[in-house]
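Chain by chain, the residues run as shown.
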Amino acid sequence: MSRVILQTHDLTVRFGGHVAVDHVSCGFKTGELTAIVGPNGAGKTTYFNLISGQIPSSEGRVDLNGRDITRMSVSQRCDMGIGRAFQLTNLFPNLSVLENVRLVIQAKAKMGFNLFSMADSHAEITDRAVAVLDKVKLYDLCEEPVSVLSHGNQRKLEVAMLIALEPLVYMFDEPTAGMSVDEAPVVLDLIAELKAEKDRTILLVEHKMDVIRTLADRIIVLHNGALAADGDPAEVMASDVVQEAYMGKELDNV
Amino acid sequence: MLMKLLSGDAPRSRVLTVILMAILFCLAFAPFLFPGVRSVDTAARICVFILLVASYDLILGYGGIVSFAHTMFFGMGAYGVALACTHMERGFGALIVGASGGAILAALIAFLIGLFSLRVRAIFFAMITLAVASAVAVLVSQLSGLTGGEDGLTYKIPRELTPAFRFGKETFGGEILGVKTNGRLLAYYVVFTGALVLFLLLLRIVNSPFGRVLQAIRENDFRAEAVGYRVISYRTAATCISAAVAALAGALYAIWLRYVGPDTALSFEIMVDILLMVVIGGMGTMYGAVIGATLFVVAQNYLQGLMGAASSAVEGVPILPDLLSADRWLLWLGLLFILSVYFFPTGVVGRLRDGK
Ligand SMILES: Nc1ncnc2c1ncn2[C@@H]1O[C@H](COP(=O)(O)OP(=O)(O)OP(=O)(O)O)[C@@H](O)[C@H]1O
Ligand SMILES: [Mg+2]
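So the sequences go chain by chain: A and B.
When we follow full-length UniProt numbering, the leftmost residue of the first sequence carries the number 1, and every step to the right adds one.
When we follow full-length UniProt numbering, the leftmost residue of the second sequence carries the number 1, and every step to the right adds one.
Hints may contain errors.
Mimicking BS3-like on lysine-lysine, the simulated pairs with C-alpha atoms at most 30 Å apart in a straight line are [stated by the list, open to error]: (1) 180(B) to 108(A); (2) 4(B) to 110(A); (3) 198(A) to 208(A); (4) 108(A) to 137(A); (5) 29(A) to 110(A); (6) 156(B) to 180(B).
What the hints contain is simulated information worked out from the structure, not anything from laboratory work.
As the structure is a computational prediction, the values presented were derived from the model and not from experiment.
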């Protein structure tokens with residue numbers, strides 16, 4: 001049943017002489033949650049940027065559903081089904097929490113060029129946004145501008161916006177980074193919930209090994225931009241590469 | 001019903017509501033409240049500038065796009081009407097052709113500028129608009145055979161909109177509340193209605209799904225693109241709409257003045273005035289355009305007189321008469337501007353909303 005939906009072929013990017021992502025070939029199947037691990041600067045975020053299109057690749061190809069999307073713009077890829085949450089919170093700071101999510105749903109509904117109706121008159125859009133905010137327990141803060149939210153709540157909103165998008169491929173980049181111990185579970189539960197729904201393809205960059213152990217179906221390890229290991233979580237975690245890559249390194253995020 | 005007209009965008013401050021209603025009332029009945037050629041002229045000018053500044057607010061305040069070509073678009077509408085009235089048969093047809101021709105040309109040029117420069121960087125767009133606007137200004141003064149050069153063009157608008165046209169002699173004696181019912185009165189209401197309708201249209205656009213996307217792009221274009229909005233298309237569309245409305249404001253101005261020239265419709269001074277008005281009123285609010293334009297145009301028209309009077313009043317005191325002389329009005333306006341930006345960085349509207 002599960003088939004490869006997203007595939008990178010020799011995906012590479014160089015910044016000057018530095019190869020940040022080095023010929024990474026990897027396929028991701030529907031219904032699979034893949035954890036992407038690697039030390040700081042390994043190229044995880046850059047790999048995401050190449051897939052979602054923020055950075056053009058120097059070499060290689062990205063296929064989504066068998067279609068080459070390498071030359072597509074960020075918004076086109078989003079239309080095709082690539083959804084992304086960012087490692088560094090990346091929101092619309094002076095708009096309300098509700099508006100941030102509403103904008104995502106409105107984009108998905110292709111309503112952006114609707115010029116003559118009132119945005120707030122589209123109840124179906126607002127209702128969806130409210131439902132998503134309810135899920136991440138941000139409903140009470142609906143009307144607040146994002147800029148007054150705590151870091152933890154901004155992280156939750158970041159995740160809420162990806163969930164609202166309902167893409168084919170979910171890409172989470174350290175979703176719980178900097179969140180307190182009692183806030184992180186809300187986000188992790190949501191990802192677990194997503195995973196429980198069938199046919200979700202999830203890519204998760206995460207440093208916390210316990211999180212990976214409970215959520216991941218598969219782990220890939222990036223090291224100096226190259227794919228260093230790929231496979232079953234238990235196996236990969238026991239392997240030499242991971243031991244080496246993480247040797248003496250703090251595993252909890254900073 | 002009222003909220004629908006305002007597109008659900010209430011002034012959100014009691015004081016602001018009162019001020020806006022007062023301005024609306026004064027403009028709606030200006031010919032009767034302030035009879036006199038000069039004051040009605042000021043009122044018409046306010047209507048035109050409210051619309052012009054509001055159209056600028058669409059790109060600057062909502063879209064976060066800095067353009068220096070707004071006067072150029074304004075001028076296209078004004079010259080459109082002037083040329084149509086000069087070369088076509090006298091009548092409303094010429095006005096419509098001139099206004100829509102100007103608006104279409106403005107939107108087209110905005111589209112081209114946007115396509116070539118918005119892709120790169122917002123600052124690049126600002127520079128291109130500056131270059132194009134300067135080039136057009138030079139072109140207009142050079143092509144004097146067509147545009148009248150520095151002298152501009154004087155033309156005939158439909159007779160029904162001129163003082164010579166009188167109506168209602170039999171029904172109400174040719175006067176309402178002591179005001180002569182002539183074409184000039186009609187012309188004022190053409191300007192007022194045109195400006196009001198287009199302003200409400202802009203208010204609707206900024207509160208539409210499209211308007212929200214513009215704000216999202218202003219806030220964070222990177223993320224807007226990542227959730228699926230093609231940023232360049234939205235920026236370009238906003239620039240085109242803004243340019244077209246600016247041109248229509250220019251057309252209304254041309255109908256009112258029955259004259260266009262570089263000073264009234266193209267000069268860089270007007271561009272600076274627009275910037276001042278939008279900043280003083282409050283960017284990204286639309287209502288700021290109403291406040292900014294009204295304050296500014298009134299000051300422009302009456303500050304000089306007031307200062308002249310003050311100057312003669314303090315005659316004999318050293319320095320003061322010099323400082324207050326009517327020629328110094330721009331100096332005072334500049335000072336007023338600096339103070340207002342310093343104390344009300346969010347403009348009058350932002351200030352009133354904060355202090356509910
Ligand atoms: N736009 C860029 N220009 C130049 N170098 C870059 C750019 N983006 C990333 N790099 C470099 O590429 C390398 C990989 O960075 P990346 O952010 O992908 O690492 P990461 O695995 O996400 O690390 P972390 O765990 O700290 O998030 C780093 O050395 C970084 O400095
Ligand atoms: Mg990273």
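Checked hints:
With a C-alpha separation of about 57 Å, the suggested pairing of residue 180(B) with residue 108(A) is violated against the 30 Å cut-off. A hinted pair counts as satisfied when its Cα atoms are at most 30 Å apart, and residue 4(B) with residue 110(A) qualifies at roughly 23 Å. For the proposed pair residue 198(A) and residue 208(A), the alpha carbon gap of about 24 Å is at most 30 Å, so the pair holds. Among the hinted pairs, residue 108(A) with residue 137(A) is consistent with the structure: their alpha-carbon atoms are about 22 Å apart, no more than 30 Å.
Taken as a hint, the residue 29(A) and residue 110(A) pair is honoured in the structure, with Cα atoms around 27 Å apart against an allowance of 30 Å. A threshold of 30 Å between alpha carbons decides the hint, and for residue 156(B) with residue 180(B) the separation of about 21 Å falls inside it, so the pair holds.
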